[in-house]
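Asker: Here is what each chain is made of, one letter per residue.
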Amino acid sequence: MPRVNRTAVLSLLIASSSAFLLFQLYYYRKYVSKKGSTDRKGQGLFSLSVLQQTVKKFLALAQRFGLPLFLADTAALTLLSHDALRQRDRLVREPHCSFLCTGRPITSFALHANLWKYEPSFLLAAEQKGFELLELRGEDPRLASLDTLSGQEIPLHFLFRLHGYIIHVVFLYERSGNYLWSGALRLRADADRGFAPFKLLDYGRHAGAYDRPELVLTVLDGLDVRIPRNVSHFLSEQRHARFLECRYRDARNFLQMYPDDVSPVAVEFRRKVKSLLHLTSRTLAALNIPFWLSSGTCLGWFRQCSVISYSRDVDIGIFISDFSSDIISAFRDAGLSLKHKFGKVEDSLELSFLSDDVKLDVFFFYEDGDVVWNGGTQAKSGRKFKYVFPPFSLCWAELLELKVRVPCETLDYVTANYGATWNVPVRSWDWKTSPSNVQENGVWPPAEWAELIQVY
Amino acid sequence: METWTPNPRAKPFIPRQQRSLYLTWKYKLTNKRTLRRFCQAGAVLFLLITVIVNIKLILDTRRVANEDAAAQDYGEKRTPRRPANGRKVLDIEVYSSRSKVYMAVDGTTVLEDDMREQGRGIHVIVLNQATGHVMAKRIFDTYSPHEDEAMILFLNMVTRGRVLIFTIKDEGTFHLKDAAKNLLKSLGSQVSLTLSWRDMWTLVVKKGGQVYGEKHSKSPALSTWGDPVLLKTEVQLTASEEAECHWTDTELNKRRKLFCSKVEGYGSICSCKDPAPIEFNPDPLPNNNVFNVPVAVIAGNRPNYLYRMLRSLLSAHGVNPQVITVFIDGYYEEPMDVVELFGLKGVQHTPISIKNARVSQHYKASLTATFNLHPEADYAIVLEEDLDISIDFFSFLSQTVHLLDEDDSLYCISAWNDQGYEHTAEDPALLYRVESMPGLGWVLKKSLYKDELEPKWPTPEKLWDWDMWMRMPEQRKGRECIIPDVSRSYHFGIIGLNMNGYFHEVYFKKHKFNTVPNVQLKNVDGCVHREAEVLDHTKNPCEDSFLPDSEGKTYVMFIKMETEMDTSTWTELAKCLHVWDLDVRGYHRGMWRLFRKRNHVLVVAVPISPYSLAYKMTVE
Numbered sequence: 001m002p003r004v005n006r007t008a009v010l011s012l013l014i015a016s017s018s019a020f021l022l023f024q025l026y027y028y029r030k031y032v033s034k035k036g037s038t039d040r041k042g043q044g045l046f047s048l049s050v051l052q053q054t055v056k057k058f059l060a061l062a063q064r065f066g067l068p069l070f071l072a073d074t075a076a077l078t079l080l081s082h083d084a085l086r087q088r089d090r091l092v093r094e095p096h097c098s099f100l101c102t103g104r105p106i107t108s109f110a111l112h113a114n115l116w117k118y119e120p121s122f123l124l125a126a127e128q129k130g131f132e133l134l135e136l137r138g139e140d141p142r143l144a145s146l147d148t149l150s151g152q153e154i155p156l157h158f159l160f161r162l163h164g165y166i167i168h169v170v171f172l173y174e175r176s177g178n179y180l181w182s183g184a185l186r187l188r189a190d191a192d193r194g195f196a197p198f199k200l201l202d203y204g205r206h207a208g209a210y211d212r213p214e215l216v217l218t219v220l221d222g223l224d225v226r227i228p229r230n231v232s233h234f235l236s237e238q239r240h241a242r243f244l245e246c247r248y249r250d251a252r253n254f255l256q257m258y259p260d261d262v263s264p265v266a267v268e269f270r271r272k273v274k275s276l277l278h279l280t281s282r283t284l285a286a287l288n289i290p291f292w293l294s295s296g297t298c299l300g301w302f303r304q305c306s307v308i309s310y311s312r313d314v315d316i317g318i319f320i321s322d323f324s325s326d327i328i329s330a331f332r333d334a335g336l337s338l339k340h341k342f343g344k345v346e347d348s349l350e351l352s353f354l355s356d357d358v359k360l361d362v363f364f365f366y367e368d369g370d371v372v373w374n375g376g377t378q379a380k381s382g383r384k385f386k387y388v389f390p391p392f393s394l395c396w397a398e399l400l401e402l403k404v405r406v407p408c409e410t411l412d413y414v415t416a417n418y419g420a421t422w423n424v425p426v427r428s429w430d431w432k433t434s435p436s437n438v439q440e441n442g443v444w445p446p447a448e449w450a451e452l453i454q455v456y
Numbered sequence: 001m002e003t004w005t006p007n008p009r010a011k012p013f014i015p016r017q018q019r020s021l022y023l024t025w026k027y028k029l030t031n032k033r034t035l036r037r038f039c040q041a042g043a044v045l046f047l048l049i050t051v052i053v054n055i056k057l058i059l060d061t062r063r064v065a066n067e068d069a070a071a072q073d074y075g076e077k078r079t080p081r082r083p084a085n086g087r088k089v090l091d092i093e094v095y096s097s098r099s100k101v102y103m104a105v106d107g108t109t110v111l112e113d114d115m116r117e118q119g120r121g122i123h124v125i126v127l128n129q130a131t132g133h134v135m136a137k138r139i140f141d142t143y144s145p146h147e148d149e150a151m152i153l154f155l156n157m158v159t160r161g162r163v164l165i166f167t168i169k170d171e172g173t174f175h176l177k178d179a180a181k182n183l184l185k186s187l188g189s190q191v192s193l194t195l196s197w198r199d200m201w202t203l204v205v206k207k208g209g210q211v212y213g214e215k216h217s218k219s220p221a222l223s224t225w226g227d228p229v230l231l232k233t234e235v236q237l238t239a240s241e242e243a244e245c246h247w248t249d250t251e252l253n254k255r256r257k258l259f260c261s262k263v264e265g266y267g268s269i270c271s272c273k274d275p276a277p278i279e280f281n282p283d284p285l286p287n288n289n290v291f292n293v294p295v296a297v298i299a300g301n302r303p304n305y306l307y308r309m310l311r312s313l314l315s316a317h318g319v320n321p322q323v324i325t326v327f328i329d330g331y332y333e334e335p336m337d338v339v340e341l342f343g344l345k346g347v348q349h350t351p352i353s354i355k356n357a358r359v360s361q362h363y364k365a366s367l368t369a370t371f372n373l374h375p376e377a378d379y380a381i382v383l384e385e386d387l388d389i390s391i392d393f394f395s396f397l398s399q400t401v402h403l404l405d406e407d408d409s410l411y412c413i414s415a416w417n418d419q420g421y422e423h424t425a426e427d428p429a430l431l432y433r434v435e436s437m438p439g440l441g442w443v444l445k446k447s448l449y450k451d452e453l454e455p456k457w458p459t460p461e462k463l464w465d466w467d468m469w470m471r472m473p474e475q476r477k478g479r480e481c482i483i484p485d486v487s488r489s490y491h492f493g494i495i496g497l498n499m500n501g502y503f504h505e506v507y508f509k510k511h512k513f514n515t516v517p518n519v520q521l522k523n524v525d526g527c528v529h530r531e532a533e534v535l536d537h538t539k540n541p542c543e544d545s546f547l548p549d550s551e552g553k554t555y556v557m558f559i560k561m562e563t564e565m566d567t568s569t570w571t572e573l574a575k576c577l578h579v580w581d582l583d584v585r586g587y588h589r590g591m592w593r594l595f596r597k598r599n600h601v602l603v604v605a606v607p608i609s610p611y612s613l614a615y616k617m618t619v620e
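Protein chains in written order, with full-length UniProt numbering: chain A, 1 to 456; chain B, 1 to 620.
Listed next, with one range per pair, are the computed distances between beta-carbon atoms:
no.	chain 1	residue 1	chain 2	residue 2	range
1	B	His402	A	Glu401	22 to 30 Å
2	A	Val388	B	Asp378	42 to 50 Å
3	B	Asp378	A	Arg383	47 to 55 Å
Simulated from the structure, these hints should not be mistaken for lab results.
No residue lacks a Cβ here, since even glycine has one placed at the ideal position from N, Cα and C.
Isolated chain A (complex conformation) (with noise of 0.2 Å):
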């Protein structure tokens, strides 16, 4: 019967064929939940003891080599702000585990790198204990100014991995606009991706730029860290603190194309500029209104990282939900005078500062379903303008030796506003005509001219 026996041998192959076929299944399934989240169920009583445990055998051996750090992770921290509020006897309790544990695998520290020693020493030790590391170098960014220095690469993030848990520092340097950097972590192709569930980092999907917290000592789950004095705002600042590079490469070459003005009359104008600039972030510090450089000051620092110097003035941006009419005088009493006020809260606010004399143009930016908009009035006409931009976020950067903001999405923010050869100089700019996202936007009634056009 030999169709029988090959009709037989047929259906063999199909079973071991779905047989297999499930198998595969079942191995893509167990894979997939593998790799994408690493188990958070799986910590019972037992394991909090061990990550407590690891942690302070870490910290041990970090004072034993004078590491200068802080606990920076972001989910300890909140514990911590919210229990403070709440219950602050627990701290005084026994030794358990409340803050620490996380129910995360990981926990993040921040190195201030500045005070240690680079130590290799401190590396082998860690190893002896027992700790997995993962060293994460990269381009030293104080010296990717001046592009013609190549140092050697400084290390950005330590992962020590100890029974399955992460020990996270993050390397905090010193940058030259008065803040703390942390470089971004960017795995090299050789290295092993599976070493640490990069995904649930606090830091390292971008670089980021933080005030230098103060910091105080304590006493959480019975270890000696120290923590930011302002635990909160460390908090917020955490989460918008992505820093943008600026693109020296391309300002170099923009700079080789065009040269920089170096007569000494735009040497004083970058001059004068850079403190005004300093001045206007400390007063909108002091009043916590956030501000972004806008217009061409946005584009000088996107283009040229540095000043345009045939601009004439210094451009920045507000949201209008940031307003507060405490604005005006305390600009006033930085020493600045008040050179004109266009518009209203409701609609195309406006301020004009004079400081010496290098404006400081203040425009308000209003949001509007999924665009975002500013306003600009001609006061001999009273005709309205409107500036349309893409919606965007805001990240930090660095101009003048100041750490300030700018929108993330830079490229198409100053695209937006100057065109796709925003890459090429235009001395004659006609700010009613020559912005490309400009729209006329009607006129003021004449009745309201004295309350929304003031010029002083």
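Chain B: place on chain A using the hints.
Answerer: Chain B in isolation, oriented as in the chain A frame:
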């Protein structure tokens, strides 16, 4: 086909309850063509599904892996290291002639010099006997005096077992003395004793071992050169263990090992038995005001100088190695090796422009980078690679650095006294104010650099000296520098952009250099008027008897100077005092202060110096 029953092993996934379905199926299956087709279609279908699922599996796992690495796209791919050359024998070619020399190792040219008017003398290359890497490359212009001594020094420093390759370009024997010839003979040369005027010569030898080859061609007459010689030979490589020392396994020795496997000519640093230290641990300074002040060492491609400089710097009391950065102009390996040997930070700089402008651009980049790397610093200490640093260098700066903050009329604090020669400097505790900018180990204030100098620093196309530019009135704006009587730095560089042996001998060699630790400076915050005795101006100031044979007294002499441009009298005087006379330096409002025969001498320019009035009055 009625007798056919399905294979029981194929059954499990057909539930019993569905017998009717099974029956219809069975009925259908009885048709053999349908059955065959159905089975075939089913098999194909399963195969297809398997393939699709497999592809999906591969795609998905890759996507997951990519997602995980979403933030890691920028990870650079490193080219894998080339496997070590398995060959055990090196082919070596050496050529010696009047106008050209070259050396090739395994077909790679490691030295080639056919430039006119350059590279005269004996070229030496040291190869690692285990790897064949070039560890040192030197030229000794033994046509000129004293170069053979430098060669002896160098050859003695080379570790035993290294491969040495020699060749002569143009002329290399005129000042090659017997000591050097004997050394070459002891290395294994057959002809070194007979080497003479305009001979061509090549030699490949293992130090303390065999001779791989030697060729020599005699010059037939005084006016002609020997025929070019080309030596081809083979060198047997040894095992790497034999080429290394067995130092204890410490962090320091790891650095030492790396260094010693790459370069040669640093003497006992690579000695197996008793290596020179690379960590110095000098005494800290109490109340060190400059501990956190960044130190920028400006360097080029003079690794031996850099080595000497860093040794003295790291031995100075109160040094903080962590804030030292060495800025190397160019992508030279050996200076970087030196920097890493000492565990310091090194930064390499792509050269911009040429000559003086290149140095000037390197200074600018280095200073900018220094303040970038240390944003919290208010000052920077600027050093060069050809300076010895005095043991109390940091103590000197720590005692004076506050003046930069307190006194706006100050431009810099410098460790160098232009007029501080061995016969004119005396008092290590004495400070001067001068109207020039001496450089050579100095402190720069950040605000001065950031607000004034950096924005208008000479651009690359301007072939200016950065220091001359800094001394120009537009920059200096009448401000002055603080200097010590006895310099805290010593300029030992003989080769350099503006430097040669003669120039060094005349103007730098006899400079006084402080070797006393922890000198307590006096009168840092003021300038005390002293009683001064007027010298007898009828005598010739160039003669020794111009000054009485007293000790510890203060004398004043007057020279004529009608305007600031009228410097001839001073220049004359400077010449016979054997101090700096190439331009006018080291004065303060028309007055120079120096020591002669252990007496303090004030040289006052009359009438332009405001000091001339004060001293005139004491005269009359």
